[in-house]
Amino acid sequence: IEYSTFLNYRFSPQKSIYVNYSLNNTPPTLEQVQPFEDVSDPLNTIIGNPDLEPVNTHAAYFGYNAFNFQTGTGMNLYSTISVANNQVTPVIFLMKI
Numbered sequence: 185i186e187y188s189t190f191l192n193y194r195f196s197p198q199k200s201i202y203v204n205y206s207l208n209n210t211p212p213t214l215e216q217v218q219p220f221e222d223v224s225d226p227l228n229t230i231i232g233n234p235d236l237e238p239v240n241t242h243a244a245y246f247g248y249n250a251f252n253f254q255t256g257t258g259m260n261l262y263s264t265i266s267v268a269n270n271q272v273t274p275v276i277f278l279m280k281i
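Each number in the working numbering corresponds to the 1-based position in the sequence shown with 184 added.
Hints may contain errors.
Label-pair distances were calculated between CB atoms; the ranges are [what the hints assert, rightly or not]:
| no. | residue 1 | residue 2 | range |
| --- | --- | --- | --- |
| 1 | Val217 | Ile185 | 13 to 21 Å |
| 2 | His242 | Thr213 | 15 to 23 Å |
| 3 | Asn252 | Leu207 | 35 to 43 Å |
Hint data in this document are derived by calculation from the structure and do not stem from the laboratory. None of these values were measured; they are calculated from a predicted model. A virtual CB, placed ideally from N, CA and C, is assigned to each residue, including glycine.
Can you make the complete structure from the sequences, with help from the hints?
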């Protein structure tokens, strides 16, 4: 499921603000969900997790634009925030030999 919305409000022909929100879902890769042990590199074996869920990423962008047509100058201020849920990260186990 992906979702995106964009809002823009113009105070005047020279000034505006905008907001953008998006939600993206990224499924785990096949290697990440396979429950089999990959021993092709005996020092770094890999085992997948079949219970992994998609990574849900929420992102929001906020901005302000101002432009002076007479002088040809302007500015653009913006900020962004991104939050990911169910992030897939590797787990490393170290063994003493």
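Worksheet entry | Structure-inconsistent hints, enumerated in ascending order | When the structure is compared with the hints, none of them turns out to be violated.
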